[in-house]
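From the two separate chains plus the hints, produce the assembled complex.
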Amino acid sequence: MTDRRTPFRSPWLAPAAVAAAVAMGLIAQPLLASGEGSDLPDLTAEELVARVLEAEPQAMSGTVVHTARLGLPDLLFTEASGADPMSLLGGSSTLRLWTDGDERARVSLLGTMSEYSVVADGTDVWTYSSADDEVVRYTMSDADRARLEAMGEEGRAKALAERAELPTPQEAAADALAKVEEHSSVRVDSQVTVAGRDAYQLVVTPDTDGTLVDHVVLAVDGETMTPLRVQTWSTQDETAPAVEVSFTDVDFSAPAESVFEFSAPASATQRDVVVPIPAEGGEMPAEMPAHEGEHPEPTVHGTGWETVIELAGVDVAAMLAQDPTAMGGMPEDFTGSEEAEDLMEEFKPEHGAGGMDLDTGALFEQLTAEVPEGRLLSSTLLSVLITDDGRVLVGAVPAETLRAMA
Amino acid sequence: MSRARGSFGRLLRSELALLFGRRRTLALLAGLAAVPVLLSVVLFIAQGQGLDGQGPGFIGRVTGNGLFLVVAALFMCLPFLLPLTIAITSGDTIAGEAQTGTLRYLLTLPVARTRLLLAKALVALAFAAAAVLVITAMSLAAGGAFFGLGDLTLLSGTTVSLGDGIGRMLGVAGYVALSLTGLVAVGMFISTLTEVPVGAMAATVVVSVVSTVLDSLPQLAAIHPYLLTHHWFDFAEFLRIEVDWSVLASGLLVQVGWVAVFGSLAWARFRSADVTS
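The listed protein sequences correspond, in order, to chains G and A.
Residue 88 in the numbering used here sits at position 88 of the first sequence; the count goes up by one each step and never skips.
Each number in the numbering used here corresponds to the 1-based position in the second sequence with 406 added.
Hints in this document: simulated from the structure, not taken from any laboratory.
Idealized CB from N, CA, C, for every residue including glycine.
Just to be clear, a hint being listed does not mean it is correct.
Short derived list, chain G residues pointing at chain A, Cβ under 10 angstroms [unchecked claim]: (1) Leu13; (2) Pro15; (3) Tyr128; (4) Ser130.
Chain A extracted, bound-state conformation (with noise of 0.2 angstroms):
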């Protein structure tokens, strides 16, 4: 048992050591790192031309403090940014492997094909983590740099101090990354089922822009609460006067069921596939 152990934690960390040493990956967490640096220097060069207060209303908030930008950063990169850079690693695991011809390989190591698709996961879920990780560190770093950190107005107008507003933003932050689980677990489903990982990097982006699309018919309003997107925007709970943790709970919820569902559905595939490749 201890060997197995052994074995998985080796192939834990080689897996994290390959993904993370990728020139793909790094480019992609840069691209994000720049949203919060592109953003912050267009509003300080926009700012005061008049335009003050346009666009969501936090976006605006952001010169008058920068801890706004966490809030603005992840708004802009939630809807399609952050799904396209999880979409391109979690689709990959599975198929990228079966491509190179190395899955094969991989599944001569001793350990089982369970232990090695959760450690494929794992590291699909660090890296998701990791892009939320950079998004809220470069905000908090140019915000801080471009328009100083002060104590933080509530969206209830209430202003809390600045200890309680980085707390409130990580949090944002930490719901945020959670949120994206599900979406990895999907990406992770649909890269066991092909050996071309574009493919199943453009159905996961296609999962996540259907899913946005469905939630804005009203007319579907009763599977709303369902949908893989529906409550990514809730982390807006964290800037309100008293944070209502069953919105975020049942939010978390939804991404347990799509987890489930879809994990055990790639467990269930990779299981039982013939590898030839």
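Next comes chain G alone, as it looks inside the complex (with noise of 0.2 angstroms):
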């Protein structure tokens, strides 16, 4: 039957033998990236918390998977195409992520056929859409870039890091540590392997059970102190973190000189949008530059993790209709979490023209539930309360409480 003898007693113990080997090796893969347990010095939760906000930022770079459940409509990522950050509402999507650990980053969130990347040098901020191949240049008015240049290495640091689009473990996890003074608890939990590296874990919960923010974990790097994992876990759902933002590869070698680089693509259409930077030091702009001064000034309720921001005289036909003046009044830092915000942003039509892509009044009945208030957006992190009369309310607080407020 066989024309040979064979060194098996059956052949098929051949294929057995390398499935079970193909197997092993895909279960041993994962647990070589992360896992637990490592012998990293013990640290109490104020001196790691010290330590990360002393770290040097670290010429590095890496590749960032972002996971978020906030539990809205599925609408809004399939409709989406190619790399839009709106994917980064639901579901993973990966991001790439360069810096020189000073002034200059890019940040490309991946499609399967597409790519955005936001390519940041000092004040400048480029972003390209492959899927629109639209180049967008983010700069400053004069006025502006004198009052960066006045404004110490930390106010520099904070203004120009709220200028970058897309998430980074650093910028999640800085915005944790803005609230651990006042508002939060911290406490050191078990050494994890992220990316690979040993590294700390730090628990931020919030001193209030008014948000919907249960609790906040950071993974830092044992060495750089570089923050490398952020999980936002929600009041909502115990069972896995709203946002998940981590690194699943670190490589903190100083990237090559190009990756900074960009030069806009000759076929690319190319606008100009000029940013106002926040005034240094506050939450809130102490006032409103100058164009945008018709816009009334924003409310803000209560403080940390149960900021509610309230605005005034918001004309939702008109920001439905895409008309770029209508919540131009929205400060750019405003609430509880970095996802927050980037929900919002999506609401918030560019500056300038264009928009989105989506039918957003489809897109707003969808999101939106009637409530006797108003239209109401519930997610896991964030709640917006849109009333008949023209009032937002928006925070990272439970959707009864912004309807007790209006």
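Have a look at this one:
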């Protein structure tokens, strides 16, 4: 029957052995990349926070996976074509990051056959969407540039950080750490391995029950004190983090110069956007820049995690018609979490022309629910209430809180 | 030993000549070659009609730079046309010989069954390579003729020289060809199970379609990275500013796993099978 004696009793043992080897390879692979237990020296929570805040920004590059479980309808993500920041609102997205640890960085959101890149070089920020073949150049007015120069290093870094449009573990961590001092308690959790690096874990828990954020877990590289993973857990879902942004591989060597260079492709359409920067210090700009002066000042209720922003005189109809001035008065930095801002950003028409590709009106209907006070959007980390009399309330708080305030 | 090697070489050559001498094979390759030509004719006629920029991002760019035709054509062929042609050739390897009754004569050659299977596999792989090569070469030719070749704008917005661009396109083609090896192995295994080649061909197509369907279900995200077709479109990596070789390597590693499992299954089946026809 067989033409030669086989070394195996049955030839079928060979595929069985191969299959077993392949299966073992599959199992071993993720175990190597991440796991529990490492032997970094013990630190108290306070020491860890201090060291993270003191840490020098590192030159690095790596791959970041962003996973959102905000409980929003799927419509949002299936309709967005190509690599679009909107896809960050649901499911998993892969980003790639390069930074020189100073003012230059490139972050790319990868789509199957597309890419959305943000290239920052100091005050100049470029975005390029391969799906639309469009370049947007964000610049500052001369006054803002002068103001920025006058700022201390810290304020300068803060102002620049707010201009980045794609989430990275660094940004998410900075956001959580900003609330550590006054509004949260911190503790150290067991050490983990993230992206093949030994890391400390810091758990930031809001002191209040009045927010949708249950706790935030930061994994911080033991050597460089760079945030490698940030998980934001919602009170609404105890099984998985509502938003997780994590390096899957990371390299702390200086990236090639070429990745920080950007020149607009010849074929691309280009538009320039002048971005106002918030004033130094406070969460809110002390005064809105002159060209947005006709808009009402937002009112801030509460502090820290419970902050709710109220904006009066918003013309929802105009907003849906993508009138760029309708929500122009919305401050850049106003809510409890990074993700909340991203979400809100989607409803804020882009400065200048253009805007979303989607039918905004239909999207609005789909996303929001009718309540006695107006229309309500609730996700696991953010609630937005748009009242019939033209006020918008936004906060990382339960929907009931907003309705009670309306 | 040298006699054995010589006879293996002869077998391989005759199998190659048999496959590429077949009208069916030539028709399949001609069909694949027609895709980039048709695509460029359509885009050439349609350009300037206000439809620019529609469809997958890079298809609209073909009119600006013929180099993109390589990506566009492979993108169009990869979900179905390439798997279909690969299924036809790899599903036919053993079952085809069994059906025409030539398999037992083939087994009388002074060549061990393992080597016969290896020769058949190499020929099936050669077809996969030829299929991708034909699409790539025709794309470069048609793209150059209709739209001209120029400096390549990557998905990241960076523009690289034409030479670099052609190199990246060849990288895309190489990755696509290697991505198809797993499907060739699956087709070979199914082909050893039956004496009805059409059944083996259909089953192989079904495997690739089912894999694509499973890949589109978010509930199965845990198994996605190991699916046969999941990494096929990772060739886009060649169009990014820094090619992340680890992404490409992990895609190819999955193919290695499929080839190892289904190659060894085909070997076990073919080695122990009774050949009666």
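Now the hints, each set against the structure:
no., hint, result
1, Leu13, "8 angstroms, holds"
2, Pro15, "4 angstroms, holds"
3, Tyr128, "4 angstroms, holds"
4, Ser130, "4 angstroms, holds"
Checked against the numbered hints listed earlier, the structure breaks none of them; every hint is satisfied.
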